[in-house]
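Read off the chains here:
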Amino acid sequence: MSIGSSMKILALVMTWAAAFASAQTSGFPRTAAGKPDLNGIWQANNTANWDLLAHGSAPGPVSSLGAVGAVPPGEGVVDGGVIPYLPAAVAQQKENLKRRWTDDPELKCYMPGVPRATYMPYPFQIVQGANTILITYAFAGAVRTVRMGNPGKSPSDSWMGWSVGRWEGDTLVIDVTSFNDQTWFDRAGNFHSDALHVVERYTPRSANVLNYEATIEDPKTFFRPWKISMPLYRHVEANAHLLEFQCIEYAEDLIYGHLRHKDGDSNKQGESK
Amino acid sequence: MTLRLIGIFALAAAFAGAAQTQAPSKSPASAKAASPAPAASKGVPRAADGHPDLSGIWTNVTITPLERPRELAGKEFFTPQEAVEYEKTHVRNRDDRDAIKGTNADVTNAYNDFWWDSGTKVVKTRRTSIIVDPPDGRIPALTLHRQSQLRATADARRARCTRPGCGLENNGQPGPADGPEDRPLMERCLSFGNAAPMLPTAYNNNYEIVQTPGFVGIDVEMVHQMRRIPLDGSPHVASNVRLWVGDSRGRWEGDTLVIDTTNFTPDTSFRGSDENLHLIERLTRIDADTILYRFTIDDPTAFTKPWTGEIPFVKASGPLYEYACHEGNLGMTGILAGARADEKKAAENAAKKGAN
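Chains as they are written, first to last, in my numbering: chain A, 125 to 397; chain B, 801 to 1156.
Just so you know, these hints were derived from the structure itself, not from any lab.
For every residue, glycine included, the Cβ atom is placed at its ideal position computed from N, Cα and C.
Hints may be right or wrong, so weigh each one.
Beta-carbon label-pair distances, calculated as ranges [said to hold, decoys possible]:
1) B/Lys-842 / A/Lys-351: 15 to 25 Å
2) B/Arg-894 / A/Pro-183: 37 to 47 Å
3) A/Pro-183 / B/Thr-920: 53 to 63 Å
4) A/Ser-181 / B/Arg-1051: 46 to 56 Å
5) A/Lys-351 / B/Asp-1032: 28 to 38 Å
Cross-link-like lysine to aspartate or glutamate pairs, in silico, DMTMM-like; alpha carbons within 25 Å at most [as the list claims (entries may be wrong)]:
6) A/Lys-159 / B/Asp-853
7) A/Lys-159 / B/Glu-882
8) A/Lys-232 / B/Glu-882
9) A/Lys-277 / B/Asp-917
10) A/Lys-386 / B/Asp-1055
11) B/Lys-924 / B/Glu-867
12) B/Lys-921 / B/Asp-955
13) B/Lys-888 / B/Asp-853
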């Protein structure tokens, strides 16, 4: 065997090895169809739900809760560290921040929208079928259907949006539109309008880790698109299951408390449980 | 595909799942479930792992009642002609509601046929009831213990209804409205009682099934209740963990997906069931357009014997809508504000009387 042909074989082997490593993304499981198998229970592990931007610690709303409810610090998940608000939106975000303990839709157990559902401090589960992917979230029982290919136009606006998926190599790309303007991005009052358009990218990073990116576009609120990114971790404990956190019961007093019968507090279930 | 705005109902008696005591059945029904589910035919679509493919959007909308009407006693199936007659009569009776237009009853009913989407056809098997066992098609009697428990609950509610502000519940009965906890689960958007077991209700009778080798997810369009069904052979969660749709585990028995569900909340009562309900569901894809769905209610503390129903799920076009019930629950605000207004009015009237 000549040196030349040995080199050729070596080059070929190296090419294969590189292709193999890339395709396998360090042991990430694959479906029968050869796509990354995202089936499983996932969770972010950061403080983005408190504030997408870098933030120091801060007191919670109820001093009797002490450290519970206080805001932990975080380095932020926004690329470049700036959310490009239009001038009017800057003022609105500041107003939202002031009213964070009364106006954040999370308090009311409302479906959190996208991308917030991804980085709330609760797990979510991806159920990856051949043509349809369900993403079910523990919080508020929120669920969204990701329709692969070209499912047509959204029939109506919604809290969790209209999700259309496609594969770009090993990345699941989900284009989400048709939102209402009722959700926030975090507990710091970062917000959007009903012109929100989110492009999410889920890319295998290692066997149990995904890279998550969401590009956020909303010409009524931001003067340019911006991006957040973070890893998502698979729950690897044996028999991990997603238990629904049905929080409606715990938000009823907040929402309807002012309409109670004045002696009706004895009927409050939350007190006795 | 149906588009229903978020709403809360003044009247949905048929769907309330109210606790009612049942007359004991006279038929000598066996305690075990009726005949086993049929095998999937060879031609049904299959997933990559070889199991029948249940994925897709399905509906179980039908006018066939859960229990066989008394006048159809002894008749398990309609003939094709009888089915057509039954459908005609049913739709005609429903349309008669227009006769109450402009009356107080019209307003109290709140919804007319524009809102309901409970179908116009009997099930394609032409059964006269969804219940197939006991053979009389009726829910078996509640246990004495459960009867007295439910009676006590109902009495306690009635006792709290002595002053103004006690409104009509959506089963048409008066019920207290001191706070949201007083109101039925439907009005609180917690459950419409159609997710476990999966049975047709007022509208949005659509289900999206996504099937993977290790897990089956069923998105129930009605208030986006989610059935999560791991096929991992793991035990149920600890018995102190209680969930609105219970804790499900699935397994394949031949071509049938069998789902066992336990750990329901004490409030998730289906036709009188309690927190000990063990729900067994069987899904068999029998042809390109149909999943035959069977469920058995096994709850020895609530019912004197288990009972089983069967209903076909038929392919639907979709897509499913997002039913954001709680997020738009202005109904609850209206119910409570109305109760407070009634109280205020009664107090004012009493004061006037006193002054006179």
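Compare the structure with the hints numbered earlier in the document and write down the numbers of the violated ones, lowest to highest.
Per hint list: 1, 2, 7, 8, 10, 12 and 13 violated.
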